[in-house]
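Asks: These are the residues of each chain, in order.
Protein chains: 2
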Amino acid sequence: MFPKALESTIDALRTLPGVGARTAERYALALLTKEPGVSDTIATALSNLHSGVGTCQKTFVFTEPDEEISSHYLDPKRDKQTIVVVSDPLDALAIEKTGEFKGTYHVLGGLLSPIDNITPDDLHIAQLMERIKEDSVAELILATNASVEGESTAMYINRELEETDIKISRLARGIPVGVDIEYTDQITLGRALEHRQVIR
Amino acid sequence: MFPKALESTIDALRTLPGVGARTAERYALALLTKEPGVSDTIATALSNLHSGVGTCQKTFVFTEPDEEISSHYLDPKRDKQTIVVVSDPLDALAIEKTGEFKGTYHVLGGLLSPIDNITPDDLHIAQLMERIKEDSVAELILATNASVEGESTAMYINRELEETDIKISRLARGIPVGVDIEYTDQITLGRALEHRQVIR
Numbered sequence: 038m039f040p041k042a043l044e045s046t047i048d049a050l051r052t053l054p055g056v057g058a059r060t061a062e063r064y065a066l067a068l069l070t071k072e073p074g075v076s077d078t079i080a081t082a083l084s085n086l087h088s089g090v091g092t093c094q095k096t097f098v099f100t101e102p103d104e105e106i107s108s109h110y111l112d113p114k115r116d117k118q119t120i121v122v123v124s125d126p127l128d129a130l131a132i133e134k135t136g137e138f139k140g141t142y143h144v145l146g147g148l149l150s151p152i153d154n155i156t157p158d159d160l161h162i163a164q165l166m167e168r169i170k171e172d173s174v175a176e177l178i179l180a181t182n183a184s185v186e187g188e189s190t191a192m193y194i195n196r197e198l199e200e201t202d203i204k205i206s207r208l209a210r211g212i213p214v215g216v217d218i219e220y221t222d223q224i225t226l227g228r229a230l231e232h233r234q235v236i237r
Numbered sequence: 038m039f040p041k042a043l044e045s046t047i048d049a050l051r052t053l054p055g056v057g058a059r060t061a062e063r064y065a066l067a068l069l070t071k072e073p074g075v076s077d078t079i080a081t082a083l084s085n086l087h088s089g090v091g092t093c094q095k096t097f098v099f100t101e102p103d104e105e106i107s108s109h110y111l112d113p114k115r116d117k118q119t120i121v122v123v124s125d126p127l128d129a130l131a132i133e134k135t136g137e138f139k140g141t142y143h144v145l146g147g148l149l150s151p152i153d154n155i156t157p158d159d160l161h162i163a164q165l166m167e168r169i170k171e172d173s174v175a176e177l178i179l180a181t182n183a184s185v186e187g188e189s190t191a192m193y194i195n196r197e198l199e200e201t202d203i204k205i206s207r208l209a210r211g212i213p214v215g216v217d218i219e220y221t222d223q224i225t226l227g228r229a230l231e232h233r234q235v236i237r
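In order, the protein sequence lines correspond to chains F and L. In our numbering, each residue's number is its place in the first sequence (first place is 1) plus 37. In our numbering, each residue's number is its place in the second sequence (first place is 1) plus 37.
Treat the hints loosely; a few may be bogus.
Covered stretches of chain F (chain L as the covering partner; in silico rule of three or more C-beta atoms under 8 angstroms from a C-beta of chain L) [what the hints assert, rightly or not]: (1) 76–85; (2) 90–100; (3) 120–130.
Since the hints were made in silico from the structure, they are not lab data. Yeah, the Cβ is synthetic: ideal placement off N, Cα and C, and Gly gets one too.
Starting from the given sequences, assemble the full structure and let the hints guide the process.
Replies: Here it is as structure tokens:
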């Protein structure tokens, strides 16, 4: 009673992250009860996904496929002397959504990880150093995660720029806005105390 | 920094049930990091979904698109005198998966609902009555949900068959297997007590 077309849709949807047999079944059956146009829209979007997304050859953020350098970097209003360094394009998108950053981004394309054999040569670090010279960058915000890899990548870049007088910072760690102190985990609370922000 | 192709994929994925902006984004970005073949597989499956699923003209379960009557009903091993009546094809699939039912199904295509203006004529009730005569059905298991609509649909069919001597039952309600008594909600526990199963 499970037609082949339904089976293959369920199998295909299971490749989405965190989607198991049950969820895939729910998705497939919901689409089946909707008009065919809905499934077709998703199908078309997915077929065009890879060919429709390019990578900026300067900052490595996502671009339209016909752009070599992202319009974001080319925008004269963006401050090219301030760079937020992130591990992947999603992190850049997340920061951009805050609307609080007027500089530019640099996507490393990963994080240093001796276990996974990822060395500085595998990341866009050389290109970062080039940009720093080219655009006479004044400030670098190292926005990598607080994981071992994130911290060591940040430390590596920091060390590489020891001889320069570029201002280097990490994103602030502390209690998230809207979270009560009593519900904050101990590590976060410890960090918030350590990096307490001076009022006067 | 959000290329159009990515935006439209995210928008398209948001039409899946329970998928909001965040999850759609996560799906789209996960597909983007995988090779294009993965997205293409989903795209192909979705394009073929509607054309690849038919409806049995006798039992209204899902069929392969070239079958008028489901192979399930035509199977001589299935008992045509015992029918499980369900609201939609998914319920039939769920019951079939138990492997405990050797009869056939009848999908009503919905439930009676005065509010939504769904009357007996909107459901496959006439076809059920026809099957009952045709196959001289001996037992009907009314497997509709315990909702107001499910109960009243079951009651309606029961009343329609008052003059016959067909055996009619509802699925047992009680404590789910593997759930402790102390964690069972009061309504279920009440029902379990009311419909206690006699041992001796």
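Asks: Now tell me, hint by hint, if it's right for this structure.
Replies: Hints, verified against the model:
no.	hint	verdict
1	76–85	holds (count 10)
2	90–100	holds (count 5)
3	120–130	holds (count 4)
In terms of the numbered hints stated before, the structure departs from none.
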